[in-house]
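There are 2 protein chains.
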Amino acid sequence: MPLPIAFLGPKGTYAEVAAIACQQLFNTKGYEAQLLPYSSIVQALRAVSMQQTEFAVVPVENSIEGGVSATLDTLWQLDTLQIQQALVLPIAHTLLSYARSLDTIRVIYSHPQALAQCQLWLEKFLPKADLMPTNSTTEALQHLKADATIAAVASQRASEIYSIPILAQPINDHPDNCTRFWLVSREPSKQGSHTSLAFSFPANRPGALAKALQSFAQREINLSRIESRPTKRSLGEYLFFVDLEANLQEVRVQSVLQELEDCTETLKVFGSYSILLID
Amino acid sequence: MPLPIAFLGPKGTYAEVAAIACQQLFNTKGYEAQLLPYSSIVQALRAVSMQQTEFAVVPVENSIEGGVSATLDTLWQLDTLQIQQALVLPIAHTLLSYARSLDTIRVIYSHPQALAQCQLWLEKFLPKADLMPTNSTTEALQHLKADATIAAVASQRASEIYSIPILAQPINDHPDNCTRFWLVSREPSKQGSHTSLAFSFPANRPGALAKALQSFAQREINLSRIESRPTKRSLGEYLFFVDLEANLQEVRVQSVLQELEDCTETLKVFGSYSILLID
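Residue numbers (our numbering), protein chains in the order written: chain A, 300 to 578; chain B, 300 to 578.
One thing to keep in mind: the hints can contain errors.
The list makes no distinction among identical chains, and a pair is therefore deemed to hold if it is satisfied within one copy or across any two copies.
In silico lysine to aspartate or glutamate, DMTMM-like type, Cα no more than 25 Å apart, as pairs [claimed, not checked]:
1. 567 x 472
2. 423 x 378
3. 510 x 558
In short, the hints are calculated from the structure, not lab data.
Using the sequences and the accompanying hints, generate a full structural model.
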């Protein structure tokens, strides 16, 4: 039976491109995988937690727009998922439309993150167009009809699948635009050069974060990322997600975890994994 | 002539409620202020930077959904704005609709942040409804007609201004939901118990953040918040926004700034200000 992988659908989203890369990765290992679209990141992650699927692939961070709150908050809350693999996908946004030129376009639909990543381009070439948010880049395509006043921002793959002409590409403001995804499952994950953790501190503990970061620095464990999220208890209380450039089984990592156990309120380890760059 | 204050409009948004609180604050000081709606946070901030208005009031952080990227990124980029005042507004979302009961509702429109803040309530009481994103909570109201299948999530003030019935309230998942706003202008800002800074480090400087945070801890300067944002150069490069519980003119703050000048790549100071809790 093929291994089920949940992703934020429908077909044609960047998450599907990442899911296809996971599928190919499984193929090279002799497994078959099947892609299952879900209508939100939260639902895709819950499907794994509730044993409806084995895997989910979810966006974690974009190089321009930053962390994906829904992914981080849900991983923290579910407390059952481990990261099996990280994938980095280059993002090249395209402007899709049945219009023949930019002149007639009045409204542009897309996911808010995609619109934000093309903000300067859109202001320069379509300064008068209204920007309208949608739940996914693919959902934006539903608004396109044989209408020369509407455009959508989506992936090149979406243009191919749904046979919609590309009016301009790439239209992202930053050429180095890429998104990092995590492939998660319920299985323990101990192999690979990167490790992800999250922790919160007891209330009113000034200097607690400085002390925790010092614990990593003393052991020469490099942090490739730190991101704060609200605890949702009260304004000004945070938990922190960190990515380490080290494996969970290293002595220095085990030792830092022991130290963190003592100074944190809650400490969650999301496993070790390697990073795959998608072409 | 009244002092112009830009905010994310149209009328009825939470940003307008915060802007009205600023207006009242000016009144108590003997000034008149006029509220000017803008269609995005970026445009409201730019209006101040380009001297089209004197002030803007923008959301910085919500206690549930976290930092507002557009505000942080634009402040970093414009490099000309100073924080005059922080305001904390309690958020109580209401479900607005012409429907007589929840049973008939199939689609719910709102700003993605508002939908996220009511996620559990909506899943419990309207599990089959589609959630549709809009640019602001007020824009969601445009989709309401005398149609019993559609609802919107917005503020109580929006219900009053636009005379739309409230079907349920409050519907936020967390009772302690509040949003922090900043009132900014081009004037230097040196009074108040809180100070905001942002800094980036030169590439590949492991332990740099730990060292910077240690500089604050050594001087017993408490950080009430730290938030990372991508530098937009490449994945894995961040800048950090921090809020200090100290005034800019204190000797310990001047001394930490001097130390940061040496170890950061870019250091920006957004001024000192006090915090006003809105009822």
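To see whether the hints hold, each was checked on the structure:
1. 567 x 472: between (36 Å within a copy, 24 Å between copies)
2. 423 x 378: between (44 Å within a copy, 21 Å between copies)
3. 510 x 558: Answer is both; intra-copy 10 Å and inter-copy 18 Å each pass.
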